[in-house]
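K.L.:
Protein chains in written order, with this note's numbering: chain A, 1 to 446; chain B, 447 to 908.
Any given hint could turn out to be false.
Within a straight-line C-alpha distance of at most 25 Å, the following computed DSS-like cross-link-like pairs (lysine-lysine) qualify [unchecked claim]: (1) K254(A) - K693(B); (2) K93(A) - K129(A); (3) K283(A) - K819(B); (4) K283(A) - K576(B); (5) K254(A) - K283(A); (6) K702(B) - K186(A); (7) K186(A) - K693(B); (8) K620(B) - K283(A); (9) K302(A) - K702(B); (10) K310(A) - K693(B).
Hints listed in this document are in silico derivations from the structure and should not be mistaken for laboratory results.
The primary structure of each chain is shown beneath.
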Amino acid sequence: MNRRLAIGITTVALAMASTACGGGGSSTAAGGATSSGVKLPDLHGQHLQVAAVWTGPEQQNFLKVIQQFDKLTGAQTSFVPTGDDVSTFLGTKIQGGAAPDVAFLPQPGVLAQFAKAGWLKPVNSAVDKELSSNYSSGWKNLGASGGKQYGVYFKAANKSTVWYNTSAFQTAGIAQPPTTWAEFLKDAQTISDSGTTPVSVGGADGWTLTDWFENIYLSQAGPDLYDKLTKHQNKWTDPSVAKALTTLGQLFGKSSLIAGGNRGALQTEFPTSVDQTFANPPKAAMVYEGDFVATNIASDTKAKLGTDAKFFPFPAVDGGKAPLVSGGDVAVALKDNAGAQALLQYLASPDAARIAVQQGGFISPDKALDLSVYPNATQRALAQSVIQAGDTFRFDMSDQAPAAFGGTKGQGEWKDLQDFLANPSDVAGAQGKLEADAAKAYGNAG
Amino acid sequence: MAGQTVAASAPQGAPARPSTPNGRVPRRPRSLIGARPWAAACFLLPALVVLGALVAYPIGWTVVRSLFGADGFARFVGPGNYVNVFTDHQTLTALENNAIWVVVAPTLATALGLIFAVLTERIRWGTAFKLVVFMPMAISMLAAGIIFRLVYDQDPAKGVANAVVVGVHDTFFKASAYPGAHPRAGSALAASDDGGYTTTAAVSPGTPAMLPLVGIAPTTLHGAQQAAVPAHCPSGAVCGTVWLDFKPGGGGTPGKIEPGMKALSGMRIQAVRDGHTVATATSAKDGTFVLPASSVAGGPVRLSLPESNFTAQYGGVNWLGPTLVTWSIIGSYIWMWTGFAMVLIAAGLAGVPRELLEAARVDGASEWQVFRKITVPLLAPVLVVVLVTLIINVLKVFDLVYVIAPGPTQQDANVLALQLYLSSFGGGNDQGVGSALGVVLLLLVLPAMFFNIRRFRKERSR
């Protein structure tokens, strides 16, 4: 929930921070087909409903996208906000016989659950064709379940970004941000020597720690083992997990490298972990979290994105590829009609992505979209990492786990990694607890 | 959950509504209703319907639900959920904490309430004082929780509890000037056992001893001078410099004083030979120090920077850490409920016959004797009511724990009601286990309930 909110606010801030392209969406009207040649059917007189979690500027941004869709097809599309608990909202709507035509789901797990319940309609061949030409197979397959394509990932999140205070790096004499874990540790020590604590960890929020682990694990163990651990086909007592935790312990084990020490980090909530990194004087030089950190920087600190505050991709661990852990929202059709399919087709096209992207605070996984469309350098770089990762990116592991393990305060993975942060030398103990909690949660979820 | 809440609050209502069916009916004169059972039924019906719908039905439903698995009534698990409850380590922690709560919180709140009630009787501004102590009762548990979350904040600039602790601590122990300073890896200094740093090689008079340190932001060294090499060193003395071997923007040769590098003044330096400190010096404004020839003569020494130079700012007490969190939350509970105890006890106190107290005083009893031998025994019934009411209340405690305990220590502060919520709705989504916990909680409340009811009956029959 925290993260949802954080992402929501990100968009607000980035939309405000981005300077260019005011009102760009309305002037690009074309006839029956979009500028990239997507042929949409005539939907005059049809009413469509789209449900998504977005509110405020994020919602305004998306409304521009559907306005353009209405202009192209003649349909009348309305937006329904779902509130934070998307699956409950949609579940009751569907069972009450008032399902929206298209809905955005926040997690692949929900898509699989809905598909299993028979609530989703597979996409038609036109949407599939659009997906195949514009999306990497990794992003396309995230929207599939049981061998059928159901969804279009319209929005992506980049959760492999380390944000840093440029003046702290300058003071320490670090010209180039690190690209490997070894360099990262070395630079951290250099920054510590310069008198600034290098890393801020928002350990009071367990989900920041799961994201740390996921990035290291994805880079070190590779996507295949990552998938196995995600599905709990591999146990948490696996040696690869021990290795990743040991690696994480190289940072967490040195309390002089962590703002407030380990005890302080455990009492630092995510927003504070960002604020203290960009405060004056800074209490830390860098903070790891996803692209939504930009929001907190823009709204809570005086630092300017792109000059005072920059990011570098999460470093590669032990010769692996630099990780890309992602999040995102997938559009699915809940009703079997031409309008819903046409909307999905449109959302899968670069035209829809362009309108959303131009307004800032939005990353599209659409690889056909020209990166120059992004309104500022920070956004462009964030998007570039997502696109460049191709099929090696992985969706946030804890978001795919049962909520009792990967998504609950004071329980499961959150709590176990917090215990690990409190006592980073006890790798085996942490693994034991993780495995016990995972076995219980995955067992209950069936 | 619903069954537990309603059932647990029932005994509190009992004293106010003595019309409990089986309590009062038999004592009525037979002629009134006994002759007309349908009239009795009519009068009882509304109460029975309400009680049935709000108390009996939820309890029954909860008991039945507790025998089924997570996915509704699809899977019958029998006592499985109860086995789960008493083997799960989270629930065991919750049970243990509940025991601490039940013993400590009501006792302390009642004791403090008694003290306040007795003392405020004697002072002129008693009513004003009572008002202030009672005021927290006007706040919801949630708001109180948020207040105490701030009170217990680790940062002394935010949390008043640590502000006080740190303030008192710093009055007696000064923080050092250079917390966090350390030598570069591989420099002439190495960490020593006592937490300070010692030169790896012996130092002899004649060559200036260089003690470079890093890890301090140059901007925080207000008014520090440029570091310098000792200008003139008396023959036979050991001289040297302690300085911040770091240039903003990086670069420079480690271990060499360069322009722009700041001196670390006021650093204590000890000359150590064979484990004994033979001389002590303090660095000057330009970072230089002199260990006089008279004390260092007679062989080489090692230079040591004792730990006192580097002790970090005292961070205060970790109120919400694993060990203290339950006690801290109990503290906030006492803050809230002492007023309740005080007001009830004060009301009881008003009913204590003055003559008895006066008589005792005339007979020469001290105030303590009067309090212990007369006031407390006369107040005993009231004290028991307060205590039992608080015990029932404490068994259900949820809001304070849920709000105050931060994520990492939530499990250390866990109580049954919170565990019930967590397993039913907070991620576990296993309402079977939740219902089992509700039943356990109800069973724990029952003795207190029966005790209260029995007492009221006895009182009435007196």
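K.L.:
Each hint needs a verdict: does it hold in this structure or not?
P.N.:
Results of checking the hints against the structure:
Among the hinted pairs, K254(A) with K693(B) is consistent with the structure: their alpha-carbon atoms are about 24 Å apart, no more than 25 Å. Proximity of K93(A) to K129(A) is assessed by CA-CA distance (about 30 Å); at most 25 Å being required, the pair is judged violated. Between K283(A) and K819(B), the direct Cα distance comes to roughly 60 Å. Violation of the 25 Å bound is thereby established for this hinted pair. About 45 Å separates the Cα atoms of K283(A) and K576(B), which puts this hinted pair outside 25 Å; it is violated.
Between the alpha carbons of K254(A) and K283(A) the distance comes to roughly 16 Å, so the proposed pair stays at or under 25 Å and holds. Of the supplied pair hints, the one linking K702(B) and K186(A) holds, its CA atoms being roughly 22 Å apart against a limit of 25 Å. For the hint linking K186(A) to K693(B), the alpha-carbon distance of about 18 Å falls within 25 Å, and the restraint holds. A hinted pair counts as satisfied when its Cα atoms are at most 25 Å apart, and K620(B) with K283(A) qualifies at roughly 22 Å.
Using a Cα cut-off of 25 Å, the hinted pair K302(A) and K702(B) is violated, with the two alpha carbons roughly 37 Å apart. Simply put, K310(A) and K693(B) have alpha-carbon atoms about 23 Å apart, close enough for the 25 Å limit, and the pair holds.
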